[in-house]
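K.L.:
Sequence lines, in order, name chains U and A. For the first sequence, my numbering assigns the number 124 to the initial residue and increments by one for each residue that follows. For the second sequence, my numbering assigns the number 125 to the initial residue and increments by one for each residue that follows.
Heads up, a few of these hints could be off.
Pair by pair, the computed Cβ-Cβ distance ranges are [what the hints assert, rightly or not]:
| id | chain 1 | residue 1 | chain 2 | residue 2 | range |
| --- | --- | --- | --- | --- | --- |
| 1 | A | 233 | U | 465 | 25 to 35 Å |
| 2 | A | 310 | U | 461 | 39 to 49 Å |
| 3 | A | 129 | U | 465 | 41 to 51 Å |
| 4 | U | 499 | A | 235 | 48 to 58 Å |
Short, incomplete list of chain U residues facing chain A, as computed with Cβ under 7 Å [to be verified]:
| id | residue |
| --- | --- |
| 5 | 262 |
| 6 | 437 |
| 7 | 441 |
| 8 | 443 |
| 9 | 447 |
| 10 | 450 |
| 11 | 466 |
| 12 | 479 |
| 13 | 480 |
| 14 | 483 |
| 15 | 586 |
Honestly, the hints are just simulated from the structure, not real lab data. Computed from a predicted structure; not experimentally measured. Quick reminder that beta carbons are idealized off the backbone N, C-alpha and C, glycines included.
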Amino acid sequence: MNRMRSRPDFGRIAAATLETLAWVGLATALVALLDSVATPAGLGSLYLIAVLAVAIRRGQVAALAAAIVGVLVLNYFFIKPLHQLTIADSDNVVALGVLLLAALVVGRLAGQSRQRAAEAELRAEQAAAREREAVMLADAATALLGGTDDLVAAISAGLETAGRGELRLGASAAPHAKDAEISLRLPTEARSVWLYASGSATWTEEDLNRIATPLARLIDVAAERETAAARSAEAEATRQADAAKTVILHAVSHDLRSPLTAVRTAAAGLREEGTTPEDRVALIDAIEEESDRLTRLIGNLLDLSRIEAGAVHPRTDWCDLLDVISSTVSHIRDPLSPGRIQIELDGELPLVRADASQLERVFSNLIENGLRFSPLDQPVRISGGVGAGKVTVRVVDRGPGVPASQRAAIFEPFQSGGDDRRDGVGLGLAISRGFTEANGGELRLQADSADGTAFAVSFPLVEQPATVA
Amino acid sequence: MSPGESRVLVVDDEPQIVRGLRVILTNAGYRVEEATTKKEALDSVSVRPPDAIVLDLVLPDGDGIEVCEDIRRWSQVPIVVLSAVGDERQKVRALDAGADDYVTKPFGSEELLARMRAVLRRRSEEGDAAVRVGDLEIDLADRAVRRNGEQLHLTPIEFDLLSKLAEHPGRLVTHRQLLHEVWGPGYEDETHYLRVHFAHVRAKIEPDPSNPRYVITEPGIGYRLQVEQ
């Protein structure tokens, strides 16, 4: 871009000198040719053509030289006395003077217009370069607005397209230029970003400096946007957590209050003198059932808080899943329709590594969930097997199933499939999954059949310990 | 020994719970004494040793586990601890410290009385040659197990495990105790032995091994022989 700014070099001066001499020589040859048919003073105007040509091609100084040399040559070879630089005829003096003057004026005018043309060309070239830079910055800005994770990479991609692969950006504390690259630190505020231009490129340091500032502003703006977005996401997360807490508090206080009310009412009933012995038994049953309900709810809340606080700390040991499930089932009361739980487990399931009491919490929540949603005449089946490097137990109920829209949320607290949130059942699946995952397992909903819902608990199949007889 | 001769020391600082326990235990025929602090409990045990202790693990002046450790230095009096819901670690610590069994708060009267009977039975029925549970008869002297009079074939290890439970019917036997007594010192952490061998025991003695009536698992803690069918 800065070809016009190069220092004078001797090659060019020599070429200009030779060309000037050639034009003067050509003019001289023409004068010699036409000497017989016209006066030398008149033929002198042929040198004007040579001066004009040199002025256009080589500029003012060369034109001036051509004019002087031409006049001297004409005088020496064609004006009497010949072969002397003196002039006999005063007419010829005037003619030569006019010729010299004309040559000077023509040369100067031609040289000036030539310089203007060159300047115009330079301006056009600079304008094209600016336009290209503008396009490049616009591309970079567009890439940025496209919303991307790595803004430096995005701007860099924009640069590479617009800069024809000759420019790139890199975010690092120190420059990491590749071979034949020049590097320039962008004047950014947020972070240290370097601009690299490959050595073969047409990019000079001055050009790079010119685009560095707008690039740096772009990066700063993008960084600010990123920070602002992160801050608003954080605020949104806090707001959602607060909302969830409110929902939980609301639900819990309701779930706590109703069994308490039942207990209080039963106690009042027992105090009444007119209460029959049968009613007393019923009221005592109510107190026991409602306290059990409170116990389960509080247990669930404690479990959930331990899970959410990441304070599960399993006491990992070898666990026999059949044993754990049998023990779980023996503790489950199903007063409405006892005997609905069918264990269809192979007694030889491999041992898994887990905390047995936490596994009991997993299965009791899953089984109670199944009992709650199954019709009273339908069993909750527990089956198991080994496959794909896992030991899996399935708890299958014949309830209404889980609508596709709720499947993602079903493991969230208080997402119970029905309106019935008694006993804190909305916590059960969240607790099951929390304990399963804390023990290195996986709990999935496998619910695509019309006849109910299957929850699959899987643990990695591990090498079984050696046993002694 | 009938309950009427047994004195039970209840150690708890919660008046309502003490009141409830007193009613339940007195109605069952026990004589009840009370202590509300660790110090009172230790004084009471040393001055006039009770036949059994019901011990809350949270006391105003200390930890119930320390009470267990202190008492075990000089007394084998049976201890049933009251433990909070969901805290398996605490149960295991109390059992390691010498407690005999536990009930989880809140508990029903039947569960507590069954535990009391089991820990007191240890003293009254030890030395019996055979233990009968439902249809099952475990003959400790002849090393034989019969169901409805029919001989069941257990391996020596399987019989040893079952007899360790039968020696203290109804009482919790921890993993460590079983491993130590059956396999010996150094095997206390090999709990997978228990999983495997008790699965075999159940397959032989239980009418429905997936729904055991006799050998009951306390997950993560131990096993007990269910005597009250």
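K.L.:
Taking the hints in turn, state whether each one holds.
P.N.:
Each hint, compared with the structure:
1. 233(A) x 465(U): 25 to 35 Å: Given about 32 Å between the Cβ atoms, the range holds.
2. 310(A) x 461(U): 39 to 49 Å: holds, 45 Å
3. 129(A) x 465(U): 41 to 51 Å: holds, 47 Å
4. 499(U) x 235(A): 48 to 58 Å: Check failed, 28 Å falls outside 48 to 58 Å.
5. 262: Cβ of residue 262(U) sits 61 Å from chain A, so the hint is violated.
6. 437: Violated, because the Cβ-Cβ distance from residue 437(U) to chain A comes to roughly 10 Å (cut-off 7 Å).
7. 441: holds, 4 Å
8. 443: holds, 4 Å
9. 447: Since the shortest Cβ distance to chain A is 6 Å, the answer is holds.
10. 450: holds, 4 Å
11. 466: At 4 Å from the nearest chain A Cβ, residue 466(U) passes the 7 Å test, so the hint holds.
12. 479: This interface hint holds because 4 Å falls under the 7 Å limit.
13. 480: Result: holds, 4 Å to nearest chain A Cβ.
14. 483: Nearest chain A Cβ about 5 Å off; hint holds.
15. 586: violated, 11 Å
Violation of the numbered hints given earlier is confined to hints 4, 5, 6, 15; the remaining hints are satisfied by the structure.
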